[in-house]
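Chains as they are written, first to last, in the working numbering: chain V, 21 to 410; chain X, 7 to 385.
Think of the hints as simulated: they come from the structure by calculation, not from any bench. Misleading hints may appear alongside valid ones.
What the hints assert, rightly or not - Short, incomplete list of chain X residues facing chain V, as computed with Cβ under 7 angstroms: (1) ARG49; (2) ILE56; (3) ASP60; (4) ASP62; (5) TRP102; (6) LEU112; (7) PRO126; (8) THR130; (9) GLY187; (10) VAL189; (11) MET207; (12) VAL214; (13) ILE216; (14) MET218; (15) GLY231; (16) LYS292.
To be verified - Okay, derived cross-link-like pairs now, SDA-like style, lysine to any residue, Cα gap no bigger than 20 angstroms in a straight line: (17) LYS292(X) / ASP32(V); (18) LYS288(X) / GLN31(V); (19) LYS277(V) / LEU196(X).
We put the CB at the ideal spot given by N, CA and C, even for glycine.
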Amino acid sequence: QGPDPLITELQDWASYTGAGVDETPYGMPISFESHVVRRNVEWLTASPISSINFTPIHALDGTITPQGCAFERHHSGAIELRKEDYRLMVNGLVDRPLVFTYDDLERFPRENHVYFCECAANTGMEWAGAQLNGVQFTHGMIHNMEYTGIPLRTLLREAGADISPDKWVYVEGADASSNGRSIPMEKALDDVLVAFKANGEALRMEHGYPVRLVVPGWEGNMWVKWLRRIEVTDVAVESREETSKYTDVYEDGTARKWTWVMDAKSVITSPSPQMPIKHGAGPLVISGLAWSGHGQITRVDVSKDGGITWETARLGKQGDTKALTRFYLDTQWDGKPMLLQARAMDETGYVQPTKDQLREQRGENAVYHNNCIQTWYVSAEGIAENVETS
Amino acid sequence: AARVGELEAEIAEIQAAAALRVATGSNLTAPAPEAEGAYGLGRAALVEEIAAWDVDVLPDGRGLPEGKGDVWTGEEVFADRCASCHGDFAEGVDNWPVLAGGFDTLGDEDPVKTVGSYWPHLSTAWDYISRSMPFGEAGTLTADETYAIVAYILYSNDLVDEDFELNHENFADFNMYNMDGFVIDDRPDLEYAAWRSEPCMENCKDEVKITMRSVFLVETPPEGGSNSVMNHAAGEELPSFTAAGPSFIPEGAKATQAVAQDTAAPAALADDGADLIADGQKVFKKCAACHKVGEGAKNASGPQLNGIVGRTIGGVEGFKYSKVFQAALEEGRVWDEAALTEFLAKPKSYMKGTKMAFSGLKKETDLTAVIAYLASLGE
Chain V
21 QGPDPLITEL
31 QDWASYTGAG
41 VDETPYGMPI
51 SFESHVVRRN
61 VEWLTASPIS
71 SINFTPIHAL
81 DGTITPQGCA
91 FERHHSGAIE
101 LRKEDYRLMV
111 NGLVDRPLVF
121 TYDDLERFPR
131 ENHVYFCECA
141 ANTGMEWAGA
151 QLNGVQFTHG
161 MIHNMEYTGI
171 PLRTLLREAG
181 ADISPDKWVY
191 VEGADASSNG
201 RSIPMEKALD
211 DVLVAFKANG
221 EALRMEHGYP
231 VRLVVPGWEG
241 NMWVKWLRRI
251 EVTDVAVESR
261 EETSKYTDVY
271 EDGTARKWTW
281 VMDAKSVITS
291 PSPQMPIKHG
301 AGPLVISGLA
311 WSGHGQITRV
321 DVSKDGGITW
331 ETARLGKQGD
341 TKALTRFYLD
351 TQWDGKPMLL
361 QARAMDETGY
371 VQPTKDQLRE
381 QRGENAVYHN
391 NCIQTWYVSA
401 EGIAENVETS
Chain X
7 AARVGELEAE
17 IAEIQAAAAL
27 RVATGSNLTA
37 PAPEAEGAYG
47 LGRAALVEEI
57 AAWDVDVLPD
67 GRGLPEGKGD
77 VWTGEEVFAD
87 RCASCHGDFA
97 EGVDNWPVLA
107 GGFDTLGDED
117 PVKTVGSYWP
127 HLSTAWDYIS
137 RSMPFGEAGT
147 LTADETYAIV
157 AYILYSNDLV
167 DEDFELNHEN
177 FADFNMYNMD
187 GFVIDDRPDL
197 EYAAWRSEPC
207 MENCKDEVKI
217 TMRSVFLVET
227 PPEGGSNSVM
237 NHAAGEELPS
247 FTAAGPSFIP
257 EGAKATQAVA
267 QDTAAPAALA
277 DDGADLIADG
287 QKVFKKCAAC
297 HKVGEGAKNA
307 SGPQLNGIVG
317 RTIGGVEGFK
327 YSKVFQAALE
337 EGRVWDEAAL
347 TEFLAKPKSY
357 MKGTKMAFSG
367 LKKETDLTAV
377 IAYLASLGE
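The following block holds chain V by itself, in its conformation from the complex:
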């Protein structure tokens, strides 16, 4: 092997000047990364205006999801709502029904928290067995951002709300779908945020600019975007999104409702179908994400043989609650086929279940809340495929 011309020859970039500071006032990823984008699956829904796309989690590392590639779900399209035109109403069982402008909200004390937001339908297709070949498509209805916002309890208190434990807080968006969900008072007083920044900058249009709700650990549909109204009620509204959707049907035809919490879950993002091993046998970094709506991830185990033996992975950063946790298994690959699995445990001691365990409990019709252990078959060539195992 001769000397590498990339080293021995003068390269253009080492000789000519690059882009000036006035060239990209707001920077985008370099063109070589243009494939790392949200992607949708056309046949999933009737219209892209009421649909979902998927975060390219296979190509990301660390835990924070850049806003520009964080999945979107909306029911009547993402709307453009100016801060100047924004109004937030608090009404219902309150002493003082109030209207806030955006500027009003910035005068309340605020907090910063990192939380994951997962659609309840994430991995939903897999109930029927291995379907789409790519972790972006099986697990990409998730993102993880640092939110800046006001505790919801601050606004409830400001309006003199009845905060007795049998009361509910109904939240509603300003878009045409008027998505609305009922949140029990205990959760509303706990860690829910009325957020206006994500990862340090204004929310993106598709994530609810200028203001969205953040409901840590609970299904994404409750994180109402373009939040326009907070109503204290004495019963759950039983809106369309909490009865006809986001309920889980059992095998006997009865259904679970108010299944708000996203249980502990993990998945290997690399290697995975979109991230084959290209380097052959030798040192291999197996990496993935784990999260739990009940709190912290305390441990992630990884299996290379479909669950016969497990090794405990290294957590990238411990202690985050209701946020994505990165894990790594730094290993030596012998170049033989593998059946890769990850299994998360959270601070409640809950262990991520297998597909069989879940099906035994719930059947296969549930659609939502599939947090099963995922399997990738990796061939001797390093190509990974979504499979289901005995």
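Let chain V serve as the given structure and place chain X on it in line with the hints.
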């Protein structure tokens, strides 16, 4: 060696400090202070404002406006406002929701969850239709139209007779078919309790077989979106696994070669005019240190290049040209494409004595692209 030891000790210290941070850290920021009373922010919501926005309807019918609508009126309104997506008989068009039928399918493999078969409260239908429908024209239905549409949906589900009228007075008395079909989240009892034991780490199974392969491969084209393709490798035999490893190693992976891998947009230059100009703009980065272009571009160490294609050679005012350029100006020579191509390929041989230090563009595609870019610039 002593220095290495020092470094190692230092690294160990840094790692210990990091481990401590990890052990004690969390993403909780210091909590926002709680006010004694109210902050006094915002203003009172007016009665008219609350009336305009607080229109949700509760399961017991609270929140319903006065009004009425019968099945026959509903059929007309439905045909006009709803049927293009939901079908004349609420059967659903394409992927749009089916609103009728599906009774006794909830326990089947693919349950048909309609307003009739699944929805536990009638208020949900009224509330959703009045606030969120029709798709793309939300909020435009009158109360009477909404009562009529809901009456028609009940009729299309065989839940009422054809002479039925729905109004704010009989609304709360209506019991839905699946009103008792829901239980409140019982995962804590059925699942959490059972799934908290220390998991197995070794010899957890004797053998693991692959029982199903991905139904779809997914292509991820550079322009975005995705294409699902049937996985024809599904029948191919894959190894089973034991503690000793895979039962065999399949030769090659021809069938799975089709597995989607992300690819960046091709870097090759395209023929397309717009792309050519874009490519030329990139090539121009080699020139940008000395030559300015665009609105108000000034001379720098090289002359500004606006309108360069077709311009007289050496003609930019205020730029101090070399002798060879001054001579060209006197001869009235012009920068046409041929001249530019030759010059940019080997500046020093085409314009002997030029001050331009650039050694030339080697690739023909770069030459074509950069000239196309220069030609696209205005005066």
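- prompt: Which of the stated hints cannot be reconciled with the structure, identified by number in ascending sequence?
  reply: When the structure is compared with the hints, none of them turns out to be violated.
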